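Undergrad: The chain contents come next:
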Amino acid sequence: MDLRNLSVCQAAEDIHNGEYTAHDLIEKTLENGSLLNESLNIFIHQAGVDALEQAKAIDLRIEKGEKLPLAGIPVAVKDDICYGVLPTTFGSGGFSDFYSPYTATAVERLMEAGAIVVGKTNLDNMSLGSSTTSSPKGATINPWDNSRAAGSAGAVAVITGAAMVALESDSGGALRQGASSCGVAGLRPTGGLVSRHGLNLHSSSFGQIGVTALTGKNIDAVIQVIAGYDQYDASTLISKDESILEVEPVAIENLKIGFPQSLIEGLEPEFKAICQETINLFKEQGFEISDISLKMLPEALRAYYVIAQAEASSNHARFDGIRFGSASEADNLEELYLKSRSNILGREGRQRSIYGTYLLNKGNFDLYYRQALKVWNLVRREFGLALTGCELLLMPVVKNLPPLLSEGKDLISSWEEDIFCAPVSLSGLPALSFPAGMIGELPAGLQLVGPPFSEKTLTTVSDIVVRNKQLFPHGKA
Amino acid sequence: MEYEVVIGLEVHVELMTESKLFCPCPNHFVPEPNVHTCPVCLGFPGAFPRLNSEAVQQALTASLALNCDIALSSYFDRKNYFYPDMPKGYQISQYYEPIGSNGHLTIEDDHGSIKKIRIGRVHMEEDAGKLVHAAGGNGSKVDYNRAGVPLVEIVTEPDLRSPGESRRYLEQLKSILQYAGVSDCKMEEGSLRCDANISLRPKGSETFGSKTELKNMNSFKAVEKSLEHEIQRQSDVLKSGEEVISQTLRWEEDKQETIVMRSKLEAHDYRCFTDPELSPLVLTAEAVEKARATLPEMAEARAARFKSGYNLPEYDAGVLTASRCLADYFEACLESYNNPKEVSNWIMGELLARLNAAGLEADQSSFLPEHLAELLQMIDENLISGKIGKEVLEKAFESGQSPRTVVEEEGLLQISDQGELEEIVDKVVAANPDSVEKYRVGTTKVIGFLVGQVMKETKGKANPKLVNELLLKKLKQV
Amino acid sequence: MSDIEKGFEKAVKTAKVDLPGDEHVRLYQQLGIFANWLEPLLAVDTTGIEPIILGHNSVNVLREDFAHKGVMAELQEAAPEFDEGFYLVPPIIE
Numbered sequence: 000m001d002l003r004n005l006s007v008c009q010a011a012e013d014i015h016n017g018e019y020t021a022h023d024l025i026e027k028t029l030e031n032g033s034l035l036n037e038s039l040n041i042f043i044h045q046a047g048v049d050a051l052e053q054a055k056a057i058d059l060r061i062e063k064g065e066k067l068p069l070a071g072i073p074v075a076v077k078d079d080i081c082y083g084v085l086p087t088t089f090g091s092g093g094f095s096d097f098y099s100p101y102t103a104t105a106v107e108r109l110m111e112a113g114a115i116v117v118g119k120t121n122l123d124n125m126s127l128g129s130s131t132t133s134s135p136k137g138a139t140i141n142p143w144d145n146s147r148a149a150g151s152a153g154a155v156a157v158i159t160g161a162a163m164v165a166l167e168s169d170s171g172g173a174l175r176q177g178a179s180s181c182g183v184a185g186l187r188p189t190g191g192l193v194s195r196h197g198l199n200l201h202s203s204s205f206g207q208i209g210v211t212a213l214t215g216k217n218i219d220a221v222i223q224v225i226a227g228y229d230q231y232d233a234s235t236l237i238s239k240d241e242s243i244l245e246v247e248p249v250a251i252e253n254l255k256i257g258f259p260q261s262l263i264e265g266l267e268p269e270f271k272a273i274c275q276e277t278i279n280l281f282k283e284q285g286f287e288i289s290d291i292s293l294k295m296l297p298e299a300l301r302a303y304y305v306i307a308q309a310e311a312s313s314n315h316a317r318f319d320g321i322r323f324g325s326a327s328e329a330d331n332l333e334e335l336y337l338k339s340r341s342n343i344l345g346r347e348g349r350q351r352s353i354y355g356t357y358l359l360n361k362g363n364f365d366l367y368y369r370q371a372l373k374v375w376n377l378v379r380r381e382f383g384l385a386l387t388g389c390e391l392l393l394m395p396v397v398k399n400l401p402p403l404l405s406e407g408k409d410l411i412s413s414w415e416e417d418i419f420c421a422p423v424s425l426s427g428l429p430a431l432s433f434p435a436g437m438i439g440e441l442p443a444g445l446q447l448v449g450p451p452f453s454e455k456t457l458t459t460v461s462d463i464v465v466r467n468k469q470l471f472p473h474g475k476a
Numbered sequence: 000m001e002y003e004v005v006i007g008l009e010v011h012v013e014l015m016t017e018s019k020l021f022c023p024c025p026n027h028f029v030p031e032p033n034v035h036t037c038p039v040c041l042g043f044p045g046a047f048p049r050l051n052s053e054a055v056q057q058a059l060t061a062s063l064a065l066n067c068d069i070a071l072s073s074y075f076d077r078k079n080y081f082y083p084d085m086p087k088g089y090q091i092s093q094y095y096e097p098i099g100s101n102g103h104l105t106i107e108d109d110h111g112s113i114k115k116i117r118i119g120r121v122h123m124e125e126d127a128g129k130l131v132h133a134a135g136g137n138g139s140k141v142d143y144n145r146a147g148v149p150l151v152e153i154v155t156e157p158d159l160r161s162p163g164e165s166r167r168y169l170e171q172l173k174s175i176l177q178y179a180g181v182s183d184c185k186m187e188e189g190s191l192r193c194d195a196n197i198s199l200r201p202k203g204s205e206t207f208g209s210k211t212e213l214k215n216m217n218s219f220k221a222v223e224k225s226l227e228h229e230i231q232r233q234s235d236v237l238k239s240g241e242e243v244i245s246q247t248l249r250w251e252e253d254k255q256e257t258i259v260m261r262s263k264l265e266a267h268d269y270r271c272f273t274d275p276e277l278s279p280l281v282l283t284a285e286a287v288e289k290a291r292a293t294l295p296e297m298a299e300a301r302a303a304r305f306k307s308g309y310n311l312p313e314y315d316a317g318v319l320t321a322s323r324c325l326a327d328y329f330e331a332c333l334e335s336y337n338n339p340k341e342v343s344n345w346i347m348g349e350l351l352a353r354l355n356a357a358g359l360e361a362d363q364s365s366f367l368p369e370h371l372a373e374l375l376q377m378i379d380e381n382l383i384s385g386k387i388g389k390e391v392l393e394k395a396f397e398s399g400q401s402p403r404t405v406v407e408e409e410g411l412l413q414i415s416d417q418g419e420l421e422e423i424v425d426k427v428v429a430a431n432p433d434s435v436e437k438y439r440v441g442t443t444k445v446i447g448f449l450v451g452q453v454m455k456e457t458k459g460k461a462n463p464k465l466v467n468e469l470l471l472k473k474l475k476q477v
Numbered sequence: 000m001s002d003i004e005k006g007f008e009k010a011v012k013t014a015k016v017d018l019p020g021d022e023h024v025r026l027y028q029q030l031g032i033f034a035n036w037l038e039p040l041l042a043v044d045t046t047g048i049e050p051i052i053l054g055h056n057s058v059n060v061l062r063e064d065f066a067h068k069g070v071m072a073e074l075q076e077a078a079p080e081f082d083e084g085f086y087l088v089p090p091i092i093e
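Protein chains in written order, with numbering that gives the first Met the number 0: chain C, 0 to 476; chain A, 0 to 477; chain X, 0 to 93.
By construction, these hints were calculated from the structure, which means they are not laboratory data.
This one's a predicted model, so the numbers in the text were calculated from it and none came from an experiment.
You may find that some hints are simply not true.
[Said to hold, decoys possible] The list that follows gives simulated cross-link-like pairs (lysine to aspartate or glutamate, EDC-like), each with its CA atoms no further than 16 Å apart:
(1) C/Lys-361 to X/Asp-2
(2) X/Lys-68 to A/Glu-31
(3) C/Lys-338 to X/Glu-22
Could you build all of it, start to finish, from the sequences and the hints given here?
TA: Below, the structure is given as C-alpha cells:
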C-alpha cells in the first residue's frame with residue numbers, strides 16, 4: 000500500500016467502506032516511517048501503540064456509523080506544535096522529556112475528524128531556520144539527494160509515505176521552502192484562519208500553522224477541518240457564518256496571474272527556466288500572465304528580521320528553567336538564568352534573543368523597530384496593489400538548491416534565502432508552494448499568493464499545474 | 000531655606016473579577032500555593048493570553064469614577080524583564096495607551112480647603128506571582144496563584160504636598176473604588192498596594208528635586224509615617240549641604256525606618272512593545288457615555304440619598320457612607336429592622352468603635368447586619384433593655400454568636416413578669432425605709448436610687464419602665 | 000567602546016544567556032554586519048506612514064469572566080524543581 004497513491008478523501012472513503020481499516024493504514028504507515036527514519040531522520044518521536052489504539056477507536060466509531068472526514072489519515076506534526084501524547088521538544092536540547100499538558104487546537108481538530116498523529120517531525124533549533132540543519136538531533140536528509148538538507152521534515156514524511164499530511168509552522172518560509180526542496184505542496188494560510196494555539200511561536204506576528212501534502216486537494220481537506228475561530232487564539236477571525244471555509248474558488252477560466260518579471264532577472268538560469276516553464280503551462284491553461292511590481296522585497300526581508308527577532312527575544316524570555324525545560328546547575332538565580340537559557344535556547348535562540356533585545360533597546364527602538372513596522376505597512380500596501388488587476392500572484396520560493404549538509408552558511412546568507420518567502424509573511428496573505436519542476440535530480444517549487452481566504456483557489460490552480468507531474472524520489476529512501 | 004514637599008503616589012488595586020486577567024484561573028486568595036494555575040498564567044509556550052471582559056468593564060468603571068478621559072482604542076504592551084515571579088519574562092500592561100488618563104479626585108488639603116489631585120493614568124495590567132524566601136538562604140519558593148490577577152494601576156501627578164494629604168488621597172481613592180465596585184481596596188490583604196515618590200524643593204521653585212521611591216508600606220498609616228520619616232531624612236541631607244540620591248527605599252514597619260533597596264540611577268529599559276497576541280480594545284463614544292451614566296452610586300450620592308430617603312442628619316449620612324461596606328451594612332440591617340435612625344445610632348455609637356479597635360471593616364466582622372437587626376428587635380420587644388443590649392452587642396461581637404444565643408446563654412432575658420418584679424420591689428422598699436421616707440417628704444429624685452436597687456437585685460435584667468411603674472405604685476401605698 | 004559595542008554588551012547582559020566559546024566575539028562581529036545589512040531598511044522614506052501596531056484584524060476579542068477549577072498535576076510535573084507545592088529557585092543575590 001503506497002500512501003502516495005491515495006488521496007486523503009479516497010483513503011477516508013475506503014475506510015468508511017471497509018476496504019481496509021484505519022488500523023491497517025496506520026500500522027503500515029508506522030512501519031514505513033520507522034524504516035525511513037533510520038536514514039532520513041524525519042521524526043524526533045514516532046507514535047507507536049498510542050497511534051494504533053487511536054486507530055482502533057476510530058474503526059469502532061466508523062462501525063457504529065459515525066462519519067469522520069479524516070478517518071485514519073496519518074498526520075506528521077512538527078515538533079514545535081504541542082501534542083500531549085508524545086514528548087514535545089520544541090527543537091531544543093533543553094526539552095528532552097517534556098509532555099505538554101495540552102494539545103494544539105489544530106491537532107485536536109484533526110483528531111476529532113479521525114486523523115491520527117504518527118510522529119513529531121524534526122525541526123531547526125527552536126524553529127529558527129528553514130533547513131533543519133540547526134536541529135539538536137541533526138538535519139533531516141533530503142530523500143532526493145542525501146547530501147543535502149530537506150528543509151522540512153514534514154515534507155519528507157509526505158514525499159516518502161511516512162505520513163499523508165503534515166502540520167508545520169511557517170514564519171519566514173520554512174514550510175514553503177521545505178515543500179519546494181522535497182517536491183510537495185505546502186500551504187501557509189491567511190493570517191487569522193488557523194489557530195496557533197499550541198505552537199511555540201517565536202514570531203507572534205508572522206508565525207502560522209500550515210499544511211504540507213502531495214496535492215492541493217489533500218491540503219484542502221485538512222484546512223476544512225482545522226480552520227476557523229478558536230477562543231484560545233485572539234488573532235483568529237470570528238467568522239459568524241462559516242462561509243470563509245467554503246469560499247468557492249474563483250472561476251479558473253481566464254484567471255489573471257501577476258508575475259514580477261523583474262525578479263527573475265536576478266535568478267540562476269535553472270530557476271529562471273522553472274519560472275518560464277510554469278508561466279507557459281499557465282498560458283496553456285488559458286490564464287493571463289501580467290507583469291507586476293514588487294520592489295520592496297529586500298526591505299521587507301529586513302523588516303521581517305527586525306520584527307521577528309524582537310518578538311523572539313520577548314517570546315523566549317519564558318525559558319528560564321523554572322517551570323518547564325531543563326534547569327542547569329546553579330548557585331544563584333542569575334546563574335540559573337544564564338546557563339539554563341543558554342542550554343534551552345541553543346545557538347540560534349541565543350543569537351535571536353541578543354539581537355532582538357538589541358533592536359528593542361532604547362535608541363534602537365525607534366531607529367529599527369518602529370521603522371520596520373512602518374516598512375511593514377508599505378509592504379502590505381505593495382502586495383495589495385499587486386493584487387488589484389490580477390487574481391493571484393506567482394513568485395519564486397527559493398533561489399538556491401537545498402543546502403548541502405556539509406555547507407555552513409553565515410547568518411546573513413542564510414537569511415537572504417528567505418527573500419521570496421518572508422515578504423509574503425509580512426503581507427498576511429495565503430501562499431501555496433507547489434512543485435514546479437526539476438533542477439537536475441532535485442525538485443524546485445514556486446508559490447502562488449492570493450487575496451485573504453483564497454486558499455481554495457490556490458489549491459485548485461496548483462493541482463491543475465501539478466496534475467500528472469507528481470514525481471517521487473526513487474530508490475533514495 | 001524653606002522646603003516644599005512634593006509627593007506622587009502609584010497605587011495598584013486588585014479587581015474583583017471571578018477569573019484572572021488573561022486566563023480563567025480563579026481570582027481569589029487561597030492559602031495552598033500553585034493551585035490557581037494553568038498553561039497561560041504559567042507562561043507555557045503556545046498558551047496565549049485571553050482578555051477578561053469583566054476586567055475591562057471594571058477598569059473602565061474605575062477610570063470613569065476617577066473622572067478620566069477614556070481612550071477609545073487602547074492596547075496591551077509587554078514590559079520585558081526577568082524575575083521568577085514573572086512567568087513569561089514580561090508583564091502584560093498598558094504602557095503606550097492606558098484606558099484612562101487625565102483624571103482627578105478631590106481631597107482636603109492641610110488647611111481644610113478642597114484640593115484637586117490629578118491622576119495621570121489608569122491602566123490595566125497583570126499581577127506577578129509571589130516569591131517566598133526559604134529559610135537559611137537556601138533559595139526561594141515561588142507561588143504563581145497571584146500571577147495574572149487583574150490589576151488597575153493609578154498614578155497621580157506630583158500634586159500631593161504632605162503625608163496627611165497622601166493619607167487622605169488614599170482614603171478617598173479607596174472610597175471611590177469600593178463604591179465603584181471594582182476592588183475591596185484592603186491594603187492589609189494586598190488588594191491595594193501603594194508606592195510613593197517624594198522629593199523636596201525650595202519653596203517657590205518650579206523644578207523638581209531628586210526623588211526617592213518608597214516601597215513596602217502595608218497600611219495607610221504606614222504610608223503617612225514613612226513619608227514623614229523620609230521628609231525628615233531628606234531635609235537632614237539637604238541641610239548638611241549634601242544632595243539627595245535618587246534611589247528606592249524599603250520601609251521597615253517594625254523598625255519604623257527605611258533601608259536602601261536599590262539605586263535608581265539607571266531606569267530599567269523595559270523595551271515595551273505592543274503585544275501581538277492580543278486584540279485592541281475599541282470602545283465607541285456611546286458605550287463610554289453609557290458606562291458613565293450607569294456608574295454605581297458614589298459616596299456623596301449615597302449620603303444624599305440617606306439624608307433624604309431615610310431622614311438622617313447630614314452627620315449620620317456622612318459617617319455611614321464613609322466606606323461602602325459600612326453603608327451596605329447599614330442598608331442590609333434595614334432590610335430586617337426598618338428604623339434608620341435607631342440603626343444609625345447603634346452603628347455610630349457601639350459598632351464603629353469596636354470595628355476600628357479591632358482593625359476590621361464592616362464586612363469583615365462576624366457581627367452581621369442581621370445580628371444588629373435581631374438585637375434591636377429584641378429591645379423593641381422588651382426582651383432586653385437598651386443597656387443590656389450594649390452588653391449583648393459586646394459579647395456577640397467578641398464571640399461571633401448571634402445576640403439571641405448570647406442572651407440565652409448568659410440568661411440576660413429581661414424580667415417583665417409583674418409578679419416577680421413586685422416581689423423584688425417590695426423587698427427593696429422594705430430594705431430602704433430612709434429612701435421611702437425621703438420620697439414621702441417630696442424628694443422624688445430618690446426614685447432613681449430605688450430603681451437602681453431593683454436593677455441591682457435583678458442584675459440589670461428588670462424591665463426599667465415596669466420597675467418605675469411598680470415602685471411608684473408601691474410608694475403611694477406605703 | 001563604540002555605540003554598537005555598548006549596545007551589544009547591554010543586550011547580552013539583558014538577554015541573560017551564557018555564550019560558550021567564541022560565540023561572544025562572533026555575535027559581536029556579526030552584529031556589525033547585520034547593522035550594515037539593515038541600512039536599506041533605514042533608507043526607506045516612511046514620512047507620514049503609520050507603523051502597523053498589530054498584524055491581525057481582530058478587535059475586542061474578550062472572554063467571559065468564568066473561573067475554571069485551576070491546577071493540573073501535569074503542569075507541575077514539567078517543573079525541574081518543585082517541592083511541597085512550590086517552584087524552587089536558587090538564592091537571589093541582589
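Undergrad: Any hints from earlier that this structure breaks? Give me their numbers in increasing order, please.
TA: Violated: none.
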